[in-house]
Amino acid sequence: MRKLLFLATMILVAALSAASANAEQKEVTVWSWFVQSTMEKSIAAFEKAHPDVKVKYTYYNYSPEYITALKAAAASGSLPDVIGLQPGSLTQQYRENLEAVNDRAAKQWGDNWAEKIFPVNRKQMLMGNPKGDENYYIIPQESQVLCIWYNRKIFEKLNLSAPKTYDELKAAAKALTDNGYIPMFQGAADGWQNENVFLMLANQFSPGIVDKAQAGETPWTAPELVAAMKAWKGLFDDGIFQQGALGAHAYPTGAQLFAQGKVGMMALGSWWMQESKFPPPLSEFVQNMDGFDFFYLPPVKDGNPASPPVGGIDIGYGLTKNGGKNPEAWTFLAELTSGVGLQEALNDLNDLPAFEGYSPKGDITDHVKELSARFMADLPKAENQRFASPAVAEALDNALAGVAAGSIEPEAALATVQVATEKALAVK
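For reference, each letter of the sequence shown is one residue, going -23 to -1, 1 to 405 in mature numbering (1 follows the signal peptide of the UniProt record, and there is no 0).
No wet-lab data here; the hints were simulated from the structure. Careful: at least some of the hints might be erroneous.
[What the hints assert, rightly or not] List time: in silico DSS-like cross-link candidates among lysine-lysine, alpha-carbon distance up to 25 angstroms:
#1 LYS100 - LYS358
#2 LYS358 - LYS33
#3 LYS239 - LYS151
All values reported here derive from a predicted model rather than from experimental measurement.
Using the sequences provided together with the hints, build the complete structure.
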């Protein structure tokens, strides 16, 4: 009888202990388009350091799933604790739903914490804030530099080299097409990729002109921007982009085709290196990035320079009003952007760091190290990639789509962006 009583007591104690542990474990909810396999590693490292916290992550493709989910959740007041953000327009779209993180960050990292962030990122963190608002609503996790990636094995097979002129770019596109490859895959159904290419073009004609235009210092109908918009149309007309680009998406379709060796070139960025760290099986091109290298878009007009590096914050995170009520949410955000979570992301080559003092660790080939070093050397001189106003970004997206489709002329399209800019500046 005493033995049975002892066993019953032990079972009761174990049950109460388990119940107590479950009751004490806190939960943090996170939404993002951040690669799920890498995020799982970041979460595992965080939960190991904070065993009393459980992180629940929901992954979305960025466009349109993530954008649609955020809109719906914001409208219903059901945003998660932490959300993935890009600086400027996306952050500003949800600023009313976000906590200013200045005080939390100063307490976490010291009063001079922002100085540890690369300057181009620091500038973007305030983009679009109302006049006088020096609060930060986004903490960057990673940086990026935009470029044109190309499959160097295919290029070698076709006796091609990275193009340095527009004529060479057209010749490469024709050779790729003639040999059954997609020349340069453009997900023109995605506004973000169209914006990226337009920024490459605009900065060829006048570095920094897009920043001046969105600040109201230069009209969007300036000759340099009209020339860039005509060059954008030329990428479709000259066969640089694939047939049917207007209905195509960069992810997952384009990225999968590129990784499989079906595509010669694609406008992406430094984040493409992460493909080499995805779970196997990997293609011969993706394995250790053996099949890939990058260049900057050649000058579309004789006498112009090639596109300069364009970039800044790849991804950052914001603490929602709901997350502000959950102390563990900030703890996770801090570790994800400058702590154990960030280090795991860098080890997976997810992208470049946003905070100084971090670099990838582990098994990385000399080729990948060289690619990363080139990107890091270009990051400090990168032109701004982001837009301060959601309305201006949307107007430009519509203008780019209309010009590409041939439904509106470049100058008329840019005039619509000018109207959106004037309205946005008037409100601000």
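Here is what the structure says about each hint:
A threshold of 25 angstroms between alpha carbons decides the hint, and for LYS100 with LYS358 the separation of about 13 angstroms falls inside it, so the pair holds. For the hint pairing LYS358 with LYS33, the CA-to-CA distance comes to about 37 angstroms; that exceeds 25 angstroms, so the pair is violated. Using a Cα cut-off of 25 angstroms, the hinted pair LYS239 and LYS151 holds, with the two alpha carbons roughly 15 angstroms apart.
Checked against the numbered hints above, the structure breaks only hint 2 and satisfies the rest.
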